Amino acid sequence: MWQEFFRFDLRYQLRQPLLWLTALALSAMAFMSAGSDAFRIGGAIGNVHMNAPVVIANQLAVLSIIAMFLVTVFIAGAVLRDREVGIADMLFATPMRKTDYLAGRFLAGFAACLAIFGLITLAMMLGSRLPSIDPARLGPFSLHTYAWGFFVFVVPNLLFVAALLMMLAATTRSMILVYVGVLAFLVLWGVAGVLAGDNQASLAVLLDPFGVRALKQATRYYTSAESNALLPPLDGLLLINRLVWGAVALALFAATVVWFKPQRADTGRAWFKRRSKPAAAGPAARVTATRRIAPRFTGSTAWAQWLAVLRFDAKGVIKSMPFLVMLLLAVANFVANYTIGGMRFDSAPYPLTRLLLEELAGGINSVLVIVLIFYSGELIFKERQVKISDVNDAMPVPDWVPLTAKAAALVAVIFAFLFTGVAAALVIQLAKGGAPVEAMLYLQGTLINSVYFILMALAILALHTITNNKFLGYALAIVLFLSNTILNGMHLEHKLYSFAALPPLTYSDVNGYGHFLKGWSWFAFYWALFCVALLIVAQAFWQRGLAQSGRARIGAALRKLRGKAGLALAVSMAAWAVTGGWIFYNTNVLNRYQASDVVLDDQADYEKLYRKTLALPQPSLTSVRADVAIFPAERRVTIKGHYLLKNKTAAALDTLRVQTDVNTETTIDQMPAHKVLVDDKRFGFRVLQLAAPLAPGATLALDFTVEVRNPGFTNGGAPGQINHNGTMFASENFFPTLGYVQAREIEDRNERRQRGLDDTHRMPKLEDQQARNSNYWKLFGFDADLIDFETTVSTSAGQTAIAPGRLEKRWKKDGRNYFQYKMDRPILPFFSYQSAAWEVKKAAWNGLPIEVYYDKKHAYNIDSMVKGTQRALDYYTANFGPYPHKQVRILEFPLYLPFARSFPGTIPFSESLGFISDMRDPTAVDHVFYVTAHEIAHQWWGDQVIAANVQGSGMLNESLAEYSALMALEKEFGAEKVRHILRWDMDQYLAGRAGELVEELPLFRSEGQMYLHYRKGSLVFYRLREEIGEAALNRALKGFLDANRYQTSPYPTSLDLLAFIRAEARPDQQDLITDMFEKIVIYDNRVLEAHARRRGDGKWDVTVKLSLAKIEADGKGKESARKYDEAVDIGVFARAAGAGEKDERVLHRKKVLLPAGESTITITVAEKPYDVGVDPYNLLIDRVAADNRKPVTLAR
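Numbered per full-length UniProt numbering, the sequence shown spans residues 1 to 1196.
One should not assume that every hint holds.
[As the list claims (entries may be wrong)] Derived CB-CB ranges, DEER-like:
| no. | residue 1 | residue 2 | range |
| --- | --- | --- | --- |
| 1 | 1088 | 976 | 42 to 52 Å |
| 2 | 609 | 652 | 19 to 29 Å |
| 3 | 596 | 617 | 29 to 39 Å |
| 4 | 1118 | 122 | 24 to 34 Å |
| 5 | 840 | 923 | 29 to 39 Å |
| 6 | 18 | 423 | 53 to 63 Å |
What the hints contain is simulated information worked out from the structure, not anything from laboratory work.
For clarity, every value in this text was computed on a predicted model and none was experimentally measured.
Every residue gets a Cβ at the ideal spot worked out from N, C-alpha and C, and that includes glycine.
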């Protein structure tokens, strides 16, 4: 019998245009994802092919989630259709089995969905074969890869989705509640993943019914070579996930069979519907005469009607079950997102109002989108659905009342949604404590967040009204919400034609909404005027009475648009056009607008035109004097600078190449007689020919003025360097530089090929002796050694201006504050300027002034910064040498740039990096201390030791700063805190390998890859300290520093450092140093079994079965096995019940030389062991660090 239901329903499904429209929409999405970067799913970046097995599997898995909403109609509709068309009573009266009925309908819907995904898979295949795709980005075609992804992800996922939808439809008997159930499931799925997080990765994987997290975990550390060649192994958690959720799908279907009641529509009970009761017979109605009421229509009648419709519709939505469920889900999503938001080493930020508003937007906005899409259609078509529209339309109500009242009702729904979120945020803020409640900021933030949704709501209501088709209106609403993403993917990024697109409006506790609010407000006003015009047109299309043809409706609308309505439309459109012209003037005339692809085109053209000048000799910068005037209120800076240039070459120089910022006005005020050969306004590149060549050793003075203005507003929000409060800019931002700037080049090799450029230019080879004559700052156009630096900087009253150097003098003049700074020794051409209204915390270390300049709202961690500075100075001066400056300054600047930078004696910190971290948990890693210690370390590594502009420079700067900070942290808080950071570093390094854009290099040849010189660098140097000893390593570092302190041409390299390290190491450790620094080596060490038996003398024999592997990889990630030629650390540990790692006791720890593969050893310990570890503290780079330890099984 089920076969009949299956055949009938499948034929019905396949004849539905909606099924093929859905297939077409999803196939188009899959086609674009497979063949274009405009719509990318799956992670095909860098060296990973666009059709790599991992990419294909991920695309299919993600598309099966996206399809969940679209296939609902085919699965749930199969169960609900009989009731909707009125044949359920007749059908259920027949002697059929409900199992046959449900199985046939279920399998038909499942088959229809498989048909859709068959077309999607075909579209992916075709998309990857487009002739426009760069052949270098494609691997070999493999049908097996698509089949694997289809059967491992698509089939199980659709089976689960079909079973879930079938159950929801059978138990709720409402398509609305089915969609709410789908939304609830997706939100809970996301919440479960967030709450499980990285600390419980296995649980997060098992809680994922779609297998996406299982796939991500299985391939997280894949290199590009592995991603391009390998399918994820169908074992471990991935296999368990697929089997578990396949079983859940069968269980859901079985539950549906049990719960489903094939009975009449007016009997029985659904989860959300009480059993119908027959109406009790009452007394016969009695007809009485009523007094005739004469209706009165005054000017206030329409407004009373408007308020009545508003109240009725708003209450109807807000009290409805779907709305309440979605509101609850949104709040749950917000709470889950906030739980891990901003986490850094298990520490969250304080619950500041601005942070809660940010998390609130991220947590509830996606659900609010669905609320708007759904209820916009419900409000417009509600009267027609319940068949009272004819009566309603006959009422003496003006045409403008229903539509505008429904629009107001939807706006009320938006505010109800958002302010409920604010209430949840207040509960969190009060519960956690530590931060003030800023009521006005909550109000401002909520109003700002609401604008986008109000604009969307008005537009969607207008679309429903104009089209007069509920489902077409829904489709257009979805397209409208996706339109900005689609346009941005096509590089159509101007917000003048992206509906409701508003510039980013970031709130900073330091700078408030700042200058960003101006541009945001104009764009909001622009789109509000457009929505007014759209509503006027929609009002003309508002239908009353019987349905009309499209042509008749258009004619009626045109007639309605005569008179006042037409005038209102003309005025709103004129105001909209004028506002658009004003916006265009600001974004494209006063400022420079460029789409992202145009920016890349400019970078390519710049390289094609001027890279040829890179090797040409130029004078070197030797001295900088500057008078800098900062005008925060105007967001303006004037720089009057004086450069002293020296010819350090052996030949006379007659040409000077100067690079300026194109967004500034830079004029050369004075220099020797010269001729301007090139003055490229597009790129700010000038070539000046001297009338008299500059002789070797001679100097040249260059005086200039730079005017930095920020008129009007920009399309994307102006850069956050010059602010009303919290200005921070560096030398490379506005000061002119000398020669071609390599840092402007495109790094992505795929983008380079598209623009006719050769492969990515690499850093000079480590062995390039000529390149050792320059330091790292040559990349930014500062081809200089050490320079003399002094500056005078002024700012507005109420603010303090700071630059590197000793404060020589400060004074006030004409209502402005002036400060004079001078470096007491030469520095790199690397300096900064800051201005803000700060509080100041003053401390000292051995008489050295320590000053922390911070916003008065952010006094939380100032003591930790001071302590981090003091302990770092303790360790560094004792082990590396004296601190080189007369003061330490730490300065807070707004969060627009989320980093800290170490200038000579001066360290600017973003407000988002450490000032607001909640360090009240004593068990958490004090990352404020750690980051401060890292930046202080740069006063040695990067300031006193200056790396050559060759491979490995990052190792000398960042790796050594990381090691130094780890040691300062360990001395203060213990090794367990350091191991916590190292585990994070391990994860980031292994994950970073997968995103490599060019190729991974050994650490000593790193080329600016952060995952190498930061993450791997900390791992390697900490392990080296364990191998050769802290004292030996620090002697090597001090010897290297002493030999190269302030060394200029030739600058030191990583080879010089390795020579000092090798000199401190034993002969048998030389190969190990080679593996750590000069090769790419990873390990796969595991404890397979661990058993312990108590001996007669009270001691314990612990038998451990191990598996060891040592692997070497090339730059693309291709791996080969190595001989295991080093001793490995074996440990046995005791731990009290419920104790953590920090409380464990070491019973045995010793290095043992074992071969690769499996080995068994027995260790005798004095106490009952808890667990056993191979490389127990994860000092070796191991992809699966968790299997290095195993609890001991006690023999009975």
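**Message:** Can you tell me whether the CB distance of residue 1118 to residue 122 sits inside 24 to 34 Å?
**Reply:** holds (32 Å)
**Message:** Please check whether residue 18 and residue 423 have a Cβ separation lying inside 53 to 63 Å.
**Reply:** violated (40 Å)
**Message:** Just to be sure I understand the hint, the distance between the Cβ atoms of residue 840 and residue 923 should be within 29 to 39 Å; is that true here?
**Reply:** holds (31 Å)
**Asked** Is the gap between the beta carbons of residue 1088 and residue 976 within 42 to 52 Å?
**Response** violated (26 Å)
**Request:** Starting from the hint 19 to 29 Å, judge whether the C-beta atoms of residue 609 and residue 652 obey it.
**Result:** holds (26 Å)
**Message:** Holds or violated: the 29 to 39 Å window for the beta-carbon distance between residue 596 and residue 617?
**Reply:** About 36 Å separates the Cβ atoms of residue 596 and residue 617, which means 29 to 39 Å holds.
Hint compliance for this structure: hints 1 and 6 are not met, and every other hint is.
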